[in-house]
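The residues making up each chain are set out below.
Protein chains: 2
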Amino acid sequence: MNIILLSGGSGKRLWPLSNDIRSKQFIKIFKTENGGYESMVQRVYRQILTADPEATVTIATSRTQVSSIHNQLGEKVGISVEPCRRDTFPAIALATAYLHHVQGIPEEEPVVVCPVDPYVEDDYFTALKALGEQAAKGSANLVLMGIEPTYPSEKYGYIIPENSGSVSRVSTFKEKPDLAAARDYIRQGALWNGGVFAYKLGYVLDKARCLMDFTDYDDLFAKYDTLEKISFDYAVVEKEAAIEVMRFPGQWKDLGTWNTLTEAMVDSSIGNAMVDPACGNVHVINELDVPILAMGLHDVVISASPEGILVSDKGQSSYIKPFVDKIDQHVMFAEKSWGSFKVLDVEPESMTLKVTLNPGHQMNYHSHKNRDEVWHVISGKGRAVVDGLNQEIEAGHVISMKAGCRHTVIAETELKLIEVQLGKDISVHDKEKHVLG
Amino acid sequence: MNIILLSGGSGKRLWPLSNDIRSKQFIKIFKTENGGYESMVQRVYRQILTADPEATVTIATSRTQVSSIHNQLGEKVGISVEPCRRDTFPAIALATAYLHHVQGIPEEEPVVVCPVDPYVEDDYFTALKALGEQAAKGSANLVLMGIEPTYPSEKYGYIIPENSGSVSRVSTFKEKPDLAAARDYIRQGALWNGGVFAYKLGYVLDKARCLMDFTDYDDLFAKYDTLEKISFDYAVVEKEAAIEVMRFPGQWKDLGTWNTLTEAMVDSSIGNAMVDPACGNVHVINELDVPILAMGLHDVVISASPEGILVSDKGQSSYIKPFVDKIDQHVMFAEKSWGSFKVLDVEPESMTLKVTLNPGHQMNYHSHKNRDEVWHVISGKGRAVVDGLNQEIEAGHVISMKAGCRHTVIAETELKLIEVQLGKDISVHDKEKHVLG
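Residue numbers (my numbering), protein chains in the order written: chain E, 173 to 609; chain P, 173 to 609.
Since the hints were derived computationally from the structure, they do not count as laboratory data. Check each hint, because a few of them may be wrong.
One copy or two, it doesn't matter: identical chains are merged, so the pair holds either way.
Cross-link-like lysine-lysine pairs, in silico, BS3-like; alpha carbons within 25 angstroms at most [unchecked claim]: (1) K574 <-> K588; (2) K327 <-> K401; (3) K553 <-> K596; (4) K309 <-> K596; (5) K348 <-> K493; (6) K395 <-> K553.
As the structure is a computational prediction, the values presented were derived from the model and not from experiment.
Based on the sequences and whatever the hints tell you, model everything.
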């Protein structure tokens with residue numbers, strides 16, 4: 173199976189666990205069999221490889237997510253990086269070209285496209301495989317997954333099939349309806365459109381060549397920023413007559429709000445939390461080191477990260493966005509391909525961070541114009557390079573770097589640093605990368 | 173007016189704002205006229221000096237609170253430090269001896285004793301003055317304040333007066349009753365016993381000399397740890413026949429729980445907080461730098477400090493103690509006489525703190541057996557002394573101190589340091605003080 177996972181942008185609906193750098197699909201919230209936690213993207217990736225160990229998985233995403241994807245999925249996963257945001261048609265075209273020109277997948281093979289963040293069981297991936305097989309048959313150019321609705325939702329588009337068979341031609345599409353229309357569609361046998369579909373690789377490649385002038389993946393990548401923003405629905409689906417829908421009767425959840433996300437939690441709390449017996453339907457997700465105590469609450473979600481603290485009635489939590497939009501602060505934590513960082517303290521002319529490097533990893537060789545930095549190694553072993561000079565480092569070592577000085581650190585074991593930044597204009601944008609000679 | 177304020181021990185009922193070091197009376201929660209915030213002890217001290225600018229105020233407290241008292245009230249306030257906890261009679265006797273032998277107050281003068289944490293208006297302090305004047309008349313050995321009850325509380329002891337006059341002999345005392353008994357007492361004209369009373373200084377000094385063998389304040393202080401634990405009620409009040417009660421009809425609140433404390437808040441939030449319009453009767457006290465967002469909650473208090481986060485139904489908040497007793501962690505922040513510190517990060521063999529020194533102040537000259545320390549100056553100017561060597565310091569300076577090395581820092585302006593501690597057994601108890609030569 174060739175599968176393209178669309179990994180969307182920065183969601184604020186799951187603040188404070190999602191932020192400008194960490195999208196909701198990277199929050200580790202789902203309990204695994206060994207007692208740890210995995211994120212949506214880790215869960216879906218694991219489920220795909222369980223259903224089909226031979227699957228070629230390509231994640232279509234933006235540059236900002238590459239570090240998190242490598243950190244969570246390792247280096248083997250394919251990534252089609254959009255140089256800038258250009259809506260779903262260019263993104264799917266680029267990923268399809270990547271499959272063909274980089275991964276060598278032939279034009280006759282089917283490709284399945286689905287969002288990276290559905291909360292589903294293993295039968296969903298069996299259905300994805302069947303979707304690809306149906307596309308390979310060639311009885312239609314596009315095969316959509318139609319999810320059997322469990323309630324008259326106003327959040328999804330609807331697909332009306334011609335008949336109630338397992339596979340049917342599509343009669344018509346309906347935009348997100350109001351409640352009454354949703355009820356009416358369901359009476360007509362409509363299915364939810366979850367944005368999941370399959371096609372033969374050559375079909376989308378041809379459509380892309382028609383609309384955008386390019387020779388291969390590298391060429392398309394190079395001119396990506398000149399492309400028009402256009403959705404896959406508008407560019408392809410609405411103009412295509414030969415579309416089939418394949419019915420999916422299994423469980424499918426879109427965990428887009430705290431309310432729906434907490435429904436998928438096995439335990440009532442993750443992290444350092446105490447929930448008193450007077451609480452009912454309370455969920456706590458605490459990424460801070462200090463304890464959260466919840467007492468006498470009902471239908472409440474509490475979520476804390478280095479970015480902030482949310483305490484919300486579960487129903488009310490879907491209205492979070494305008495409030496989070498008002499919050500203007502530094503990114504306080506991030507996962508990088510080499511490890512992670514967390515901001516410990518912010519002052520007008522200084523910032524203190526904790527930096528953790530994974531064993532065998534290193535950050536970019538870089539310099540800053542407007543700030544001095546000091547690293548204090550608090551655990552682990554490795555090597556620092558400062559202006560070309562190598563130095564073995566371990567707990568207790570202090571390395572000072574003036575503004576302009578080039579530096580990196582390479583972890584031998586897991587390596588933790590306290591980094592103190594000093595300067596008048598401390599900014600994440602003040603960073604120049606260099607080649608480590 | 174000579175007034176002894178009893179400043180009690182570490183309350184856990186207002187966790188996470190109170191901890192083993194900071195008692196509830198030091199939490200800055202009351203809005204002042206200039207838009208800042210003051211603590212209970214600051215509010216009461218200010219109110220006393222407004223009612224009587226000549227008042228001699230002595231705070232009877234334990235060693236652990238001395239730093240906070242000086243930090244919040246300055247150096248002028250009198251402090252009678254109990255070398256160890258020995259209940260209220262030895263504490264009041266020691267403070268009374270301090271007034272006589274150290275402050276030179278004659279035995280004939282009245283002394284008023286009251287807890288440091290009532291939430292009251294100015295009329296209360298006028299009443300305290302009247303209480304002292306009544307004691308000075310000598311028609312009784314003890315004059316108690318009787319607070320007119322506003323509801324049949326089960327939390328307070330009751331005083332039954334002989335008559336309903338402004339001043340009356342006491343008929344009898346009643347322990348904390350159940351609801352029915354409380355209603356019955358109130359029908360009999362009973363008053364709340366708020367632990368406020370006045371006496372002529374010599375009266376308590378005589379009682380103390382009878383029960384404890386000592387010559388003067390210094391002698392009593394020296395043998396304090398040998399004294400028996402005994403309450404003032406048991407040692408004095410219950411054995412005294414000549415007791416009067418003076419009626420206080422004004423507002424008096426005991427802000428011992430989050431529920432009662434939030435009633436005294438002018439604004440619904442303190443610190444970085446957003447409360448959405450769907451919330452009702454929600455209070456947020458946030459001592460962290462990151463925002464708290466509250467949505468759709470009712471009758472809830474949210475309180476966050478570097479120690480942890482409480483989210484509680486207001487009524488439920490009075491049952492907090494057993495949960496907080498289960499929390500076992502480092503003290504994460506503290507006010508000291510010289511400034512404050514906050515723990516930023518804790519690892520098995522390191523700890524990172526932010527230390528703030530007030531201008532002109534310095535910490536003790538000290539050393540640690542089991543940890544190395546590094547200071548990174550992030551703002552301000554001052555002087556560090558390390559093993560007797562002086563060094564001017566300012567933002568950007570890094571000072572390394574190996575275990576065993578003696579060190580202190582003296583702030584010229586406000587001075588902020590990041591302190592990184594490294595060692596196998598990091599503990600607040602690993603500290604030896606030295607004399608700065």
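These are the hints, each one checked on the structure:
1. K574 <-> K588: both (21 angstroms within a copy, 20 angstroms between copies)
2. K327 <-> K401: Within one copy only: 23 angstroms inside a chain, 68 angstroms across chains, cut-off 25 angstroms.
3. K553 <-> K596: between (32 angstroms within a copy, 17 angstroms between copies)
4. K309 <-> K596: neither (63 angstroms within a copy, 66 angstroms between copies)
5. K348 <-> K493: Within. Shortest intra-copy distance 20 angstroms satisfies the 25 angstroms Cα cut-off; inter-copy 50 angstroms does not.
6. K395 <-> K553: The answer is neither: 43 angstroms in one copy and 54 angstroms across copies each exceed 25 angstroms.
Figure legend: structure checked against the earlier numbered hints; hints not met, in rising order: 4 and 6.
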